[in-house]
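A.B. asks: Numbering (our numbering), first residue to last: 23 to 289.
It should be emphasised that the hints constitute simulated quantities derived from the structure, not laboratory data. Owing to the predicted nature of the structure, the values given are computational and were not obtained by experimental measurement. Idealized CB from N, CA, C, for every residue including glycine. Some hints here could point you the wrong way.
Said to hold, decoys possible - Each computed DMTMM-like pair below joins lysine to aspartate or glutamate, with the alpha-carbon atoms no more than 20 Å apart:
(1) 162 x 46
(2) 259 x 230
(3) 193 x 116
(4) 162 x 65
(5) 162 x 116
(6) 193 x 230
(7) 156 x 128
(8) 193 x 242
(9) 262 x 282
(10) 180 x 89
(11) 193 x 39
(12) 262 x 135
(13) 180 x 245
(14) 227 x 241
(15) 162 x 135
(16) 259 x 242
(17) 239 x 196
(18) 288 x 128
(19) 288 x 116
(20) 259 x 241
(21) 30 x 65
(22) 156 x 135
(23) 259 x 282
(24) 155 x 128
(25) 193 x 94
(26) 180 x 242
(27) 30 x 46
(28) 262 x 241
(29) 162 x 128
(30) 162 x 94
(31) 262 x 242
(32) 162 x 252
(33) 155 x 135
To be verified - Simulated restraints on C-beta separations:
(34) 232 x 92: 35 to 41 Å
(35) 186 x 39: 34 to 40 Å
(36) 190 x 155: 17 to 23 Å
(37) 176 x 45: 28 to 34 Å
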Amino acid sequence: MKQHEPSKRAQAIALHERGASNREVSQRLQVPYGTVGYWLHRERVRRAGGALHRGRDWRRRECPRCEGRAFDRQAYAYLLGLYLGDGHIIQYSEHRVPSLMVTCADAWPGLTDECETAMRRVLPHNSVSRAAKKGCHNVKVYSQHLWCLFPQHGPGRKHERRIALASWQQKIVDAYPWELIRGLVHSDGCRITNWTTRMVGGQRKRYEYPRYLFTNKSDDIRELYCRTLDQVGVEWKVTKRGTVPYNISVARRASVALMDVHVGAKW
Numbered sequence: 023m024k025q026h027e028p029s030k031r032a033q034a035i036a037l038h039e040r041g042a043s044n045r046e047v048s049q050r051l052q053v054p055y056g057t058v059g060y061w062l063h064r065e066r067v068r069r070a071g072g073a074l075h076r077g078r079d080w081r082r083r084e085c086p087r088c089e090g091r092a093f094d095r096q097a098y099a100y101l102l103g104l105y106l107g108d109g110h111i112i113q114y115s116e117h118r119v120p121s122l123m124v125t126c127a128d129a130w131p132g133l134t135d136e137c138e139t140a141m142r143r144v145l146p147h148n149s150v151s152r153a154a155k156k157g158c159h160n161v162k163v164y165s166q167h168l169w170c171l172f173p174q175h176g177p178g179r180k181h182e183r184r185i186a187l188a189s190w191q192q193k194i195v196d197a198y199p200w201e202l203i204r205g206l207v208h209s210d211g212c213r214i215t216n217w218t219t220r221m222v223g224g225q226r227k228r229y230e231y232p233r234y235l236f237t238n239k240s241d242d243i244r245e246l247y248c249r250t251l252d253q254v255g256v257e258w259k260v261t262k263r264g265t266v267p268y269n270i271s272v273a274r275r276a277s278v279a280l281m282d283v284h285v286g287a288k289w
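The whole structure should be built from the sequences, with the hints applied where relevant.
C.D. replies: Here is the structure:
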């Protein structure tokens, strides 16, 4: 492995502590992405065994829920939407803390960036990483407080168990409804162009119109999405696969215009 001067390692750690992502550090210092991740991992291991694990660093890791530490509620509403759509929390036996992982398709690199940004804003002092998979990246954040921040976790798939917001979560969603909607659409939704034909002046012509679709098997998550759409004045309807409710469609012109302003197509 190519050796890098110690000053670059120190610069990488300093940039990361000021909020730069691993990818930003890699590009700025012209160091491989994996090397940056290794440096930061070794630094966390070093600090965990020394005095820095206590005092100021310990207070950084106070739980936003249990100890009442302030956290970015707007970013949390968006991250909650991503979690309910394409995220899950797991703790492997060899890991000291659980991780929240959100799978983001490579077709929308902007979504991957937004997911990482939201994780860093909600948990600014915790480790965030990306793991490349075929056609996607798993964006992960590690924290011992994920169980507190996302009480919807549990065994099995989300559509096979009850999903309900805690009262404190609902207050955040009430304050930032569009952020939750964005997170849900970015995970399990899309903006598409539908088309149909109609007679104009005796001739059949093609007519195109934009439409937002949200697809999720969980009745509870679809209900949360629809309830939040009602809150912001967006009209919607349920479409089915056979007899099973499955999609939530937003197709009326005024409602699509609202969604375009606050959500937009994934990129």
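A.B. asks: Each hint: holds or not?
C.D. replies: Right, here's what the structure says about each hint:
1. 162 x 46: Roughly 17 Å separates the two Cα atoms, so the pair holds.
2. 259 x 230: holds (19 Å)
3. 193 x 116: At roughly 36 Å apart (the allowed maximum being 20 Å), residue 116 and residue 193 break the hint.
4. 162 x 65: holds (18 Å)
5. 162 x 116: holds (16 Å)
6. 193 x 230: Cα-Cα ~38 Å, so violated.
7. 156 x 128: Satisfied, since the Cα-Cα distance of roughly 9 Å is no more than 20 Å.
8. 193 x 242: holds (18 Å)
9. 262 x 282: violated (24 Å)
10. 180 x 89: violated (28 Å)
11. 193 x 39: violated (31 Å)
12. 262 x 135: Between residue 262 and residue 135 the Cα gap is close to 32 Å, so the pair fails against 20 Å, i.e. violated.
13. 180 x 245: Holds, because 13 Å separates the two Cα atoms, which is no more than 20 Å.
14. 227 x 241: Roughly 38 Å between the alpha carbons, so the hint for residue 227 and residue 241 is violated.
15. 162 x 135: holds (12 Å)
16. 259 x 242: holds (16 Å)
17. 239 x 196: Between residue 239 and residue 196 the Cα gap is close to 24 Å, so the pair fails against 20 Å, i.e. violated.
18. 288 x 128: This hinted pair holds, its Cα atoms lying about 11 Å apart.
19. 288 x 116: violated (35 Å)
20. 259 x 241: holds (14 Å)
21. 30 x 65: It holds: about 13 Å lies between the C-alpha atoms, which stays within 20 Å.
22. 156 x 135: holds (18 Å)
23. 259 x 282: holds (18 Å)
24. 155 x 128: The hint holds at about 9 Å.
25. 193 x 94: holds (13 Å)
26. 180 x 242: Status holds; Cα separation ~9 Å.
27. 30 x 46: holds (14 Å)
28. 262 x 241: holds (12 Å)
29. 162 x 128: holds (15 Å)
30. 162 x 94: holds (18 Å)
31. 262 x 242: OK: residue 262 and residue 242 at ~16 Å, within 20 Å.
32. 162 x 252: violated (32 Å)
33. 155 x 135: Distance ~16 Å between residue 155 and residue 135 Cα, so the pair holds.
34. 232 x 92: 35 to 41 Å: With a Cβ separation near 38 Å, residue 232 and residue 92 satisfy 35 to 41 Å, so the hint holds.
35. 186 x 39: 34 to 40 Å: Holds: the Cβ-Cβ distance is about 37 Å, inside 34 to 40 Å.
36. 190 x 155: 17 to 23 Å: violated (33 Å)
37. 176 x 45: 28 to 34 Å: Between residue 176 and residue 45, where Cβ atoms are some 32 Å apart, the hint holds.
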